[in-house]
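Peer 1: Going down the list, the protein sequences come from chains Y and L.
Under UniProt numbering, residue 119 is the last one in the first sequence; the count climbs by one each step, no gaps.
Under UniProt numbering, residue 379 is the last one in the second sequence; the count climbs by one each step, no gaps.
Rather than coming from a laboratory, the hints here were simulated on the basis of the structure.
These numbers come from a predicted model, not from an experiment.
Any given hint could turn out to be false.
[As the list claims (entries may be wrong)] Not everything, but these chain Y residues come out facing chain L in the computed CB check (under 8 Å):
| hint | residue |
| --- | --- |
| 1 | Ile3 |
| 2 | Ser48 |
| 3 | Tyr59 |
| 4 | Lys111 |
| 5 | Ala112 |
Ideal placement from N, C-alpha and C gives every residue a C-beta, glycine not left out.
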Amino acid sequence: MQIRVKCSCGEGNCPEWAIVELQGVVEAQPSVGDRIQNLEIGRLCRVSSEETYTFTVGYHELSGTKTPLKKPMLVLKKNKIPDLNSPNSFKAELEVIGIIRHRILFKTRPKALISRLQK
Amino acid sequence: MAGGAEAVLSLEPNSAIRICYHSDFGSHDEILLLEVDDKLLPDILQQRTSVRGLQDEDAVLCTPSATYALKFVGNSNSVFLIPPANATNDETSHSNLSIIAPVIKIAPGNMELVHVAPKLDKLKTLLAKNPYRPEEEEQGDEDYNLQSGLYRWEDLTNIVQASDEELKGELQALSAVEIGGYWRLVEEKAMGQILTLLLHNSVLCDWSLASLKEDEVVATLVADGFSRTLALHCLETYGFKENRADECVWGLDPKKVCVYFARQVLGDGKKKMENFMDEWARRIPTGMVASLEMLEGEVLMEKVGIETWIRVFSASSLPSTPAERFAALFQERQKWERKDLNPYIRNLRVPGMSLEGLLIKYTRRTQPKADVEPVFSAR
């Protein structure tokens, strides 16, 4: 089996995706259940002209920095396309849909905020 | 209002955005991350790569010239993946007060590329199952069209985990030829017949073996019942094309021709050295000089008492992965001197490892005294 790696964006103008990375996991309130779509995770704030950021999740604040990745990361999408040679079967296809060159990494322990942050 | 990855990456100092789960947030197993070296980016973005392998094999990514294993590397951090705004149909009704960057999935890790040697042993096994015999042509189309165990180029790229360049190189190394759209090995007996006929014709027509005109040579072989493809394949296998603008001229390679006859003389058995040398010298074409150096990597010699015996042991018949190659060598002989070992290991290719490194990894080196040749044995 051979799967061609497609790319329709052409070199140089691949849409750039972003990564916000933190240690551990973020959990929603039990009342939310599985329906977390559209739910706010937190607020990302760039606190100075340097690449330092805070990420406020619930009552916790994380501090981190934006760093370029040592090697770029491609975002690939696996598509199933109908196989023209045999009906009712599918062929796999891989498509480059984006590139990631930076991530904002929060690797400090969260700082507890005393009271809920004002809007 | 702009959002998405752009908003995250171009966030102004002293400003904030909301990071939310996307309206389509989920596990999205179809979205994968692949870490790529900058030097490989052009090949991938210009659509020159493909993933190759059968269902039960670990997939590899092939550029036009190299093969890379795909390794998954897990990440215990939460990696929020945020697509650009225009790539998503986010219908979230967000407030005008803040910009939203939606997270489409949490990536459990990413794939990495590791440069590896191509898996070419399979190619020889596949092609050796059904070697080409000139009689096929006479057996009529029905038989010929059964096509079982026959492989087109596309079939090979589907089955063999190697880049196009590596695959082409191995087809050449195996002396495979494309006949009727299928890549084939030609039965050794048939190749010998064609070579013998070619040598015979050159004596009759008084041709120089160092300068054979393609048109003439091919025409005589075709007249004797061999196809044009096979005639040319014989020239490619035992000779080299000379670069001349006016006409196609080939020279036979004395080494390749002499090796062929040495193998013929030895067959599957072993012979006493003197007997072998006599017979070999008698068989090779006039004008060619046989020397034992030509047989490096083709034969092994061993002393029994005062006699030296010689037999076929061909480097090209050995497996191409280092572990299997050394196992086969030490099965043949428990101890090797470096000069004997050399012809059997010099074509081993492992990305990131030298031949010396392979010797350290797969052999035990013993040297009782400084003035004695070191000996290599199995680890």
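Peer 1: Would the hint on Lys111 (chain Y) be counted as holding, given a Cβ-Cβ threshold of 8 Å to chain L?
Peer 2: violated (17 Å)
Peer 1: Should the interface hint for Tyr59 (chain Y) be scored as holding, given a Cβ-Cβ cut-off of 8 Å against chain L?
Peer 2: violated (16 Å)
Peer 1: Answer holds if the nearest beta-carbon of chain L is closer than 8 Å to that of Ala112 (chain Y); otherwise answer violated.
Peer 2: Violated: closest Cβ of chain L sits about 19 Å from Ala112 (chain Y), beyond 8 Å.
Peer 1: Should the interface hint for Ile3 (chain Y) be scored as holding, given a Cβ-Cβ cut-off of 8 Å against chain L?
Peer 2: holds (4 Å)
Peer 1: Per the CB criterion, is Ser48 (chain Y) less than 8 Å away from chain L?
Peer 2: holds (6 Å)
Hint compliance for this structure: hints 3, 4, 5 are broken, all remaining hints hold.
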